[in-house]
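Note that the protein sequences, when read in sequence, are chains A, B and C. For the first sequence, UniProt numbering begins at 1 and goes up steadily by one. For the second sequence, UniProt numbering begins at 1 and goes up steadily by one. For the third sequence, UniProt numbering begins at 1 and goes up steadily by one.
There may be inaccurate statements among the hints.
[Said to hold, decoys possible] Simulated pairs of lysine-lysine, PhoX-like, Cα-Cα distance not exceeding 20 Å:
1) 236(A) with 138(A)
2) 144(B) with 236(A)
3) 192(C) with 264(B)
4) 205(C) with 195(C)
5) 367(C) with 343(C)
6) 195(C) with 56(C)
7) 264(B) with 84(A)
8) 343(C) with 207(C)
9) 343(C) with 210(C)
10) 56(C) with 264(B)
11) 265(C) with 207(C)
12) 343(C) with 205(C)
Because the hints were derived from the structure by calculation, they are not lab data. Quick caveat: nothing in here was measured; it's all calculated off a predicted structure.
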Amino acid sequence: MSGELNTVPKGVAGPSTWLDDRLGGANFLKRNLRKIFPDHWSFLLGEIALYSFVILLLTGTFLTLWFNPSMTEVVYNGPYAPLKGVMMSEAYASALEISFEVRGGLLMRQMHHWAALLFVAGMTVHMLRVFFTGAYRKPREINWLIGVLLLSLALVEGLTGYSLPDDLLSGAGLRITEGVAISLPLVGTYITFFLFGGEYPGTDIIPRFYSLHILLIPGILLALISAHMVLMWVQKHTQMPGKSRTNTNVVGAPFYPAFMAKAGAYFLFTLGVIAGLATVAQINPIWLFGPYTPADISAGSQPDWYMGFLEGSLRIMPPWEWNLFGTAHAGTLPLSVIIPALVPLGIVMTGLALYPFLEQWVTGDRREHHVADRPRNNPHRTSIGMSGITFYGLLWLLGANDEIAANFHISLNWTTYIGRVLIFVGPALAYLITYRVCLGLQRSDAAVISHGVESGVIKRLPHGEFIEVHTPPADDIEAHMRGKQPVLMHPVREDAAGIPPKGMRGPLGKLRARMSRAYGGEKIPLDEGHGHGEDEHAAIGSGGDDDRSLTH
Amino acid sequence: MIRITAWRRHPLARYAVLILALALVGMVYAAFVQAGKPADAAMAAGKVDDVAEGKSLFVAHCASCHGLNAEGTNTAPSIVGVGAAAVDFQMSTGRMPAANPGPQAPRKPLARWVDENAIRQVSAYVQSLGGGPQVPGAEQVDPKLGDAGRGGELFRANCIQCHNWAGSGGALTQGKYAPNLNASSPTQIYEAMVTGPQAMPVFNDTTITPQEKRDMIAYIVQVREQKDPGGFGLGRIGPVTEGIVAWVVGMVALVLAAIWITAKKRQKS
Amino acid sequence: MTDNEHEIEQPDERVPKRVIGTPAPGTPMLGQAEAAEAAGQDVPGVTLQDEAKARKAEKIVALCFTITFLAAIAFIISYVVFQVGTPDSTGVSNLALGGSLTVAVLGLAIGIVVWVRMIMPKYSLIQERHEMASDEPDREVVADTFVQGANESGFVKRKLLRRTLLLAAAPLGLVPLVLLRDLDNSNMPGAKFNKLLRHTVWGEKTKEGKPLRLVVEGTGQPIRAADFNSPGGILSVVPEGYEHDLNALAKATLILIKFRPEEIKGGVNQNWIHDGIVAYSKICTHVGCPAALYEQNTHHILCPCHQSTFDAADGAKVIFGPAARPLPQLPITVDDQGYLIAKGDFDVPVGPSYWERGDAEAEARMKGGQA
Chain A
1 MSGELNTVPK GVAGPSTWLD DRLGGANFLK RNLRKIFPDH WSFLLGEIAL
51 YSFVILLLTG TFLTLWFNPS MTEVVYNGPY APLKGVMMSE AYASALEISF
101 EVRGGLLMRQ MHHWAALLFV AGMTVHMLRV FFTGAYRKPR EINWLIGVLL
151 LSLALVEGLT GYSLPDDLLS GAGLRITEGV AISLPLVGTY ITFFLFGGEY
201 PGTDIIPRFY SLHILLIPGI LLALISAHMV LMWVQKHTQM PGKSRTNTNV
251 VGAPFYPAFM AKAGAYFLFT LGVIAGLATV AQINPIWLFG PYTPADISAG
301 SQPDWYMGFL EGSLRIMPPW EWNLFGTAHA GTLPLSVIIP ALVPLGIVMT
351 GLALYPFLEQ WVTGDRREHH VADRPRNNPH RTSIGMSGIT FYGLLWLLGA
401 NDEIAANFHI SLNWTTYIGR VLIFVGPALA YLITYRVCLG LQRSDAAVIS
451 HGVESGVIKR LPHGEFIEVH TPPADDIEAH MRGKQPVLMH PVREDAAGIP
501 PKGMRGPLGK LRARMSRAYG GEKIPLDEGH GHGEDEHAAI GSGGDDDRSL
551 TH
Chain B
1 MIRITAWRRH PLARYAVLIL ALALVGMVYA AFVQAGKPAD AAMAAGKVDD
51 VAEGKSLFVA HCASCHGLNA EGTNTAPSIV GVGAAAVDFQ MSTGRMPAAN
101 PGPQAPRKPL ARWVDENAIR QVSAYVQSLG GGPQVPGAEQ VDPKLGDAGR
151 GGELFRANCI QCHNWAGSGG ALTQGKYAPN LNASSPTQIY EAMVTGPQAM
201 PVFNDTTITP QEKRDMIAYI VQVREQKDPG GFGLGRIGPV TEGIVAWVVG
251 MVALVLAAIW ITAKKRQKS
Chain C
1 MTDNEHEIEQ PDERVPKRVI GTPAPGTPML GQAEAAEAAG QDVPGVTLQD
51 EAKARKAEKI VALCFTITFL AAIAFIISYV VFQVGTPDST GVSNLALGGS
101 LTVAVLGLAI GIVVWVRMIM PKYSLIQERH EMASDEPDRE VVADTFVQGA
151 NESGFVKRKL LRRTLLLAAA PLGLVPLVLL RDLDNSNMPG AKFNKLLRHT
201 VWGEKTKEGK PLRLVVEGTG QPIRAADFNS PGGILSVVPE GYEHDLNALA
251 KATLILIKFR PEEIKGGVNQ NWIHDGIVAY SKICTHVGCP AALYEQNTHH
301 ILCPCHQSTF DAADGAKVIF GPAARPLPQL PITVDDQGYL IAKGDFDVPV
351 GPSYWERGDA EAEARMKGGQ A
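Let the sequences and hints guide you as you build the complete structure.
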């Protein structure tokens with residue numbers, strides 16, 4: 001509390017001068033130390049994933065110090081009594097050693113696993129935020145693609161890591177991976193033999209997954225995350241619409257000191273939540289599962305949550321299998337594996353990757369966007385997103401249908417039958433409902449703009465009628481609402497000769513024109529002013545003390 | 001847990017009343033039969049009398065479904081030859097007398113008339129009809145005498161596909177399920193293995209020896225009595241509850257933290 | 001600047017709170033749009049905190065940081081004091097280490113947030129943003145430079161150079177792929193993978209040249225048919241001598257089921273059973289999980305992974321779920337000592353389908369089997 005600094009203290013000035021003499025960083029820092037970051041809680045969601053990744057690297061490194069990725073069979077002779085004398089792989093034995101013989105080992109293992117779940121969860125919610133606010137639009141398409149790539153890689157990273165302890169539960173996942181790989185047309189057997197070093201399970205898969213899991217994939221993840229961050233830094237954050245926020249500025253707090261401190265605190269929160277979960281909630285108790293053998297399986301064998309949707313889609317598939325070229329010939333297409341393993345994943349990932357470009361194709365919008373959309377203001381996008389969520393969510397739920405059946409006493413078979421219907425009906429319903437909700441919310445915005453908000457003040461008019469005084473919304477709220485922009489549309493009008501504009505001809509062009517008409521435009525326009533006398537509501541003055549108040 | 005609360009909420013009341021009424025009739029009947037004999041003689045006669053008592057209990061409480069001579073009816077199978085172990089299992093877990101038709105008879109609190117003696121007597125009666133597996137002795141199921149490591153291997157080979165790696169249970173087809181093993185006594189576990197109640201298959205003593213069964217019991221008991229070292233066990237059903245916790249606890253906590261960090265107060269002026 | 005008051009972090013649909021009562025004259029009803037500039041503020045967009053409040057906040061922050069200090073010490077002490085080994089002691093250690101770490105980290109986090117929110121100024125700074133696209137002259141310079149460099153290098157003019165460079169690059173690109181060929185350790189030409197998948201160890205013989213016995217998984221005991229005599233019984237069975245060979249088990253594990261003779265239906269190959277004992281592959285034909293949930297009253301075999309259901313009494317034909325083919329049945333009989341043995345290998349490949357598999361069931365039927 002002694003006072004404030006007038007100059008840079010020596011302890012900082014010395015080293016920084018030394019560094020600047022060699023690196024010349026002052027120019028960069030001059031421009032970036034006070035870089036502005038907009039403040040909105042949803043802009044921190046991506047940081048959950050970022051910090052989880054850091055925690056994964058740290059805890060993962062700790063685990064490698066003891067983990068032995070070998071499938072050599074040993075007899076367990078450690079302190080966990082119910083497994084004494086049992087044959088198991090060295091990988092499993094060393095994972096048990098970390099759990100029971102290394103101080104803090106169990107904590108680090110559990111933190112690593114919880115962080116993995118939150119890593120993918122963080123990516124998911126961040127991606128949804130970006131999607132629903134249209135923050136993937138030009139100029140951020142590249143970063144969006146990097147994000148989709150990161151998400152896909154995270155799934156592979158999760159799958160390889162999940163398999164490493166070589167316990168009975170992860171082995172079931174491995175077996176399913178093998179079953180899916182071998183079902184691929186033409187190359188299935190080759191891929192399987194190359195992956196497993198021969199027949200399943202072999203003795204190579206754990207060491208191979210290990211090097212993928214701790215070196216190759218994290219390396220790529222790290223590179224992509226860095227690129228993601230650099231692009232974010234260069235392109236600056238989007239911001240929510242609001243007062244004095246435009247497409248050509250950023251409003252918020254400077255990186256140094258405020259945002260830096262906030263980001264640091266959020267890292268600590270992420271670490272704290274992960275450590276807290278690892279303290280009180282047991283995760284992946286491999287000692288209960290027992291060592292892997294392809295002969296055994298447990299009820300309720302499930303993957304981690306992010307693989308649940310694949311499990312669900314495998315479960316609801318009817319038994320289709322084609323033999324393309326008849327008996328005794330190659331050409332078996334196990335559709336009941338290929339379709340559920342590839343199609344939902346393909347729809348979700350490809351759909352995500354292509355969405356910015358499809359949207360541009362439909363709207364013809366080539367402008368830069370730095371002000372985020374409120375989800376309601378692009379109802380078709382929001383509806384598409386919600387049906388995607390419903391599709392994914394249903395599959396995810398069905399991935400746990402055995403636990404649902406067992407715990408809620410529903411017939412297992414019925415969960416599947418219902419799932420087979422819902423997977424088609426659900427997304428369609430979600431689309432319709434979301435679209436209506438978006439329009440409803442837009443209408444309510446329009447009402448607030450044109451009629452103001454209820455003030456709670458009741459007035460009695462001279463002829464005895466009671467009315468409630470409406471006041472205009474605060475201008476920050478109004479600015480937030482007025483941040484709405486119509487979704488761009490192609491000029492689809494036919495000219496005088498009845499010829500549609502260029503790019504709108506032919507079947508594809510017509511489809512494009514039609515989609516553009518439906519997707520774009522302003523559904524519920526806002527009033528320009530505050531609705532004084534413009535509508536059916538009589539503007540009855542409130543006696544002059546507040547000439548801005550409005551009445552119904 | 002969910003199961004118990006579900007039963008409470010279940011429209012069981014009607015059936016409970018029914019059972020109560022049946023039990024009352026049964027007790028009156030039993031008392032009437034009992035009254036006809038000197039008590040001392042029953043004590044002295046031992047087993048033979050158990051059979052007789054058991055028969056009267058059976059006629060009063062079980063025969064309506066299983067037939068007067070346990071030969072079975074349309075509603076329930078014959079229980080000739082199932083052995084005392086089957087009766088002891090079904091009655092001591094409350095599954096029999098059954099309350100309501102359903103895919104599967106659930107474990108439930110014992111009916112009023114069912115106690116140790118009644119179970120022993122009915123068991124003795126059913127045993128007298130056609131033999132079958134006997135109720136195991138205390139030493140036979142003593143978990144302390146089993147080898148948990150060996151038992152674990154057998155447990156994983158034969159049991160966990162339905163009952164889950166920690167005995168937490170799981171779903172079967174058409175509304176059937178493999179129950180959680182936490183409530184089962186070592187004797188009941190043993191009896192279930194030798195008799196194969198309902199959907200459960202039989203593991204007879206000639207292929208899985210009594211010694212091996214005791215090893216499995218040792219494993220089950222050791223694992224279920226073990227405190228979860230990593231915190232709450234989350235029902236020991238694996239990644240499903242873990243995923244729920246990650247989202248409901250982890251993500252919600254982090255979103256709340258994000259909201260707090262970025263929240264701004266409207267200034268009062 | 002007063003952007004701080006913008007409630008944009010609230011859910012979008014928030015409609016301002018209803019205030020009961022007449023608003024003070026001249027006061028906007030819904031919060032302050034333009035708050036009075038804080039006294040002594042020099043920089044627009046930076047609102048300094050009230051010093052009295054900041055002093056109070058400092059105490060809170062100090063408390064948080066002290067808690068972190070204590071918790072971190074507690075972590076170190078816990079590490080020394082609580083040993084691990086048994087599940088119970090590990091549980092105590094985990095609780096102590098994790099609890100203190102959590103408190104330490106959260107203490108620091110909360111402290112910093114209070115610091116940012118209550119002591120640092122409120123910011124609503126504006127920074128200009130520029131189009132990402134470079135200026136046109138810059139682009140032209142780059143384009144010119146590119147053309148100039150390309151010409152200087154001679155890459156455009158010298159066709160031979162260009163073509164041989166491409167020629168050189170093509171096989172080089174294949175090098176990493178070629179290197180991966182030995183990922184497969186089975187030392188077989190790829191065309192033979194399929195043959196390997198068609199066979200299990202049940203076709204092998206013991207050292208004495210006898211067929212393999214069926215042994216109980218977990219104990220390794222051979223099974224006397226007369227002992228496996230309780231209808232409704234099942235056993236998980238592995239081949240004699242391969243009890244711990246995971247590669248063999250991945251294809252050869254069986255479930256052995258004892259039926260009453262009258263329960264067996266037409267789908268079962270009667271020549272391959274012994275006294276009501278039927279052996280099916282335990283490996284699901286969908287993606288290879290061990291399908292082993294057997295319901296003795298319905299004779300359903302359920303796979304816990306994706307819930308394919310097979311009717312064991314009827315040749316394990318599929319009655320529900322994604323599996324497309326029945327579980328293959330293994331021909332079994334007994335040896336002269338009454339132990340169950342395999343008569344031979346499965347007549348179709350077990351486990352998940354693959355491209356080269358073909359309709360092996362139809363093929364087997366044509367060969368005269370019944371499958």
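For a quick check of understanding: which of the numbered hints are violated here, in increasing order?
When the structure is compared with the hints, numbers 2, 3, 6, 7 and 11 turn out to be violated.
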